[in-house]
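K.L.:
Residue numbers (the numbering used here), protein chains in the order written: chain A, 1 to 176; chain B, 177 to 352; chain C, 353 to 528.
It should be emphasised that the hints constitute simulated quantities derived from the structure, not laboratory data. Honestly, I wouldn't trust all of these hints.
Rough simulated footprint, nothing fancy, chain C against chain B, three-plus residues with beta-carbon under 8 Å [as the list claims (entries may be wrong)]:
| no. | region |
| --- | --- |
| 1 | 229-236 |
| 2 | 312-319 |
| 3 | 341-349 |
Take a look, some chain A residues computed to stay more than 10 Å from chain B by CB distance [unchecked claim]:
| no. | residue |
| --- | --- |
| 4 | 50 |
| 5 | 109 |
| 6 | 121 |
| 7 | 152 |
So these bits of chain C aren't anywhere near chain A, every CB distance computed over 12 Å [unchecked claim]:
| no. | residue |
| --- | --- |
| 8 | 373 |
| 9 | 377 |
| 10 | 441 |
| 11 | 471 |
| 12 | 477 |
| 13 | 483 |
| 14 | 497 |
| 15 | 507 |
| 16 | 512 |
Backbone N, C-alpha and C fix where the C-beta goes; we use that ideal spot for every residue, glycine too.
Single-letter residue listing:
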Amino acid sequence: MAVRQAELEIPAHTHEDQHKHEKLVIIAWSGDLDKVWPQMILATTGAAMGMPTTIFFTFWGLFSVVKDQVRITGENWMQKMMTVLDRPGMEHLKLGKMNFGGAGPAMMKHLGKQHGVASPNELLEIARELGVRLVPCQMTMDLLGLQPEDMIDGLEEPAGATSMLLEAQDAVTLFI
Amino acid sequence: MAVRQAELEIPAHTHEDQHKHEKLVIIAWSGDLDKVWPQMILATTGAAMGMPTTIFFTFWGLFSVVKDQVRITGENWMQKMMTVLDRPGMEHLKLGKMNFGGAGPAMMKHLGKQHGVASPNELLEIARELGVRLVPCQMTMDLLGLQPEDMIDGLEEPAGATSMLLEAQDAVTLFI
Amino acid sequence: MAVRQAELEIPAHTHEDQHKHEKLVIIAWSGDLDKVWPQMILATTGAAMGMPTTIFFTFWGLFSVVKDQVRITGENWMQKMMTVLDRPGMEHLKLGKMNFGGAGPAMMKHLGKQHGVASPNELLEIARELGVRLVPCQMTMDLLGLQPEDMIDGLEEPAGATSMLLEAQDAVTLFI
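One chain only, chain A, in its complex shape:
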């Protein structure tokens, strides 16, 4: 996997350097491709720099960590409708603007590939390897009727706003 970001941007760091760095907490609220990309780029870059990094997936952002093969979820028609309208899974991300029925995201992914920028899915894999904590929001899972087996592997236990705000103490915290 040729990941330009890892090759070009991340400086060598020593054990000492790591102690100078704050934590990084990303509240991944959006599930749009053009927001998921910065969520993943910042999380992997932070972790590679030695920042203890956590992504808290909530609201539409939770769809990024639902298995791609999960199509319809939930126990009642409203939950089903939410997930049909906005198909979960990292392979089905849309753009917040200029989506054009999928042509926009395809173009953007193609440009990324041309320029050696890893896809969100590759970055999620790298995040896991770098030890980024991936935490799904319990409340959103309940609202959408998602079960643990609907989620991708490697996630931590679902948690709530309190856990997130505790983690945010003395951290760089971004709502994306």
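Given the coordinates of chain A, assemble chains B and C onto it according to the supplied hints.
P.N.:
Frame of chain A, contents of chains B and C only:
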């Protein structure tokens, strides 16, 4: 009011704990239901944890703290048009996506009710009770021609970006 | 230039005050007028308060610092299409909602002028004068095929996520 968030997530804390917590500053920029909800959930959770919490309502976010019965505001036709197109008041929030003429927000509120998640309006009430400082942006009030009597009760004096950035020093600061 | 923000809100400060203030780092992700405005208001206010301030322009936000006369950029049809669909340059900002083919932004700019709020372009000029560091994202420039000569004057060298996160240590950091 059965508020699941308050029941399940907020840990008991002592006076000592409070001193470990940073301030929480939320810049409430958006007036969409799916952003107002996290604004309110995070603010009430933070305050309940002992974080001194401030919400600064600006741009579209200011509409959340305009009285529900205020329909048309402003002194000139442009200000009037802005508020007619995007009706102010917490009861009239729209979704950033999947609004469907109000069906989306209705579904989401219904799901919230089913799962014991308090509505934004209930959370705003809890925020006031927990001592969250609710600060409207003076510049936005001027731009929209809003008067103090158009706003809900319990707000602090309108303030500007300087006050907000002073409050943001050594705080967890989120732009939502 | 009658800049109300500078006149009314920014307190006098001494050298001592400056040392009490944290850095301010704004990740300018959006290129919509209603997001660019708070990016610029917060950056100029922070700088005027004595906060060492950096704006990191990335994704759609990068378009704010492309020359207004640059219309079509890039080496291939996909890059060209991205910039034709979303014309770069501070004079061509759209609203995230209620754009109405440009009528919304025109109204909002007019309201701003009526109330003595500086335009984004004026604020960018003030930001430069106040020493705000304006940093374009290298990856976004590559993806859109933008060259240094396409960008406005006064920018720093393009940089990546690592530089941004290093700057974010002990700073107030906002993703807008």
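K.L.:
Does each hint fit the structure? Answer for all of them.
P.N.:
Here is what the structure says about each hint:
1. Closer than 8 Å: that is the beta-carbon criterion, and the region 229-236 of chain B has 3 residues meeting it against chain C, so the requirement of 3 holds.
2. Against chain C, the region 312-319 of chain B contributes 3 residues with a C-beta closer than 8 Å to a partner C-beta. That satisfies the three-residue criterion, and the hint holds.
3. Judged by the Cβ-Cβ criterion of 8 Å, the region 341-349 of chain B is covered by chain C as claimed, because 7 of its residues qualify and three suffice.
4. For residue 50 of chain A, the requirement that its beta carbon stay farther than 10 Å from each beta carbon of chain B is met, with the minimum near 21 Å.
5. At roughly 21 Å, the least C-beta separation between residue 109 of chain A and chain B is larger than 10 Å, which holds for a residue marked as non-interface.
6. With a minimum CB-CB distance of about 22 Å to chain B, residue 121 of chain A clears the 10 Å threshold, and the non-interface call stands.
7. With 10 Å as the threshold on Cβ separation, the claim that residue 152 of chain A sits away from chain B holds: the shortest Cβ distance comes to roughly 23 Å.
8. Every CB of chain A is more than 12 Å from the CB of residue 373 of chain C (nearest about 17 Å), matching its label as outside the interface.
9. Separation of residue 377 of chain C from chain A is inadequate, the least Cβ-Cβ distance of about 9 Å not exceeding the 12 Å criterion.
10. With a closest Cβ-Cβ approach of about 17 Å to chain A, residue 441 of chain C is found to remain outside the 12 Å limit, as its non-interface label requires.
11. For residue 471 of chain C, the shortest C-beta to C-beta distance to chain A comes to about 23 Å, beyond the 12 Å cut-off, and the non-interface label holds.
12. No Cβ of chain A approaches the Cβ of residue 477 of chain C within 12 Å, the least distance being about 27 Å, so the stated non-interface status holds.
13. At the 12 Å boundary, the C-beta of residue 483 of chain C stays outside the reach of chain A, the nearest C-beta of that chain being 23 Å off.
14. A Cβ of chain A approaches the Cβ of residue 497 of chain C within 12 Å, the least distance being about 9 Å, so the stated non-interface status is violated.
15. With a cut of 12 Å on Cβ distances, residue 507 of chain C stays outside the contact zone with chain A, its closest approach being about 18 Å.
16. The beta carbon of residue 512 of chain C is not kept farther than 12 Å from every beta carbon of chain A, the shortest such distance being approximately 4 Å.
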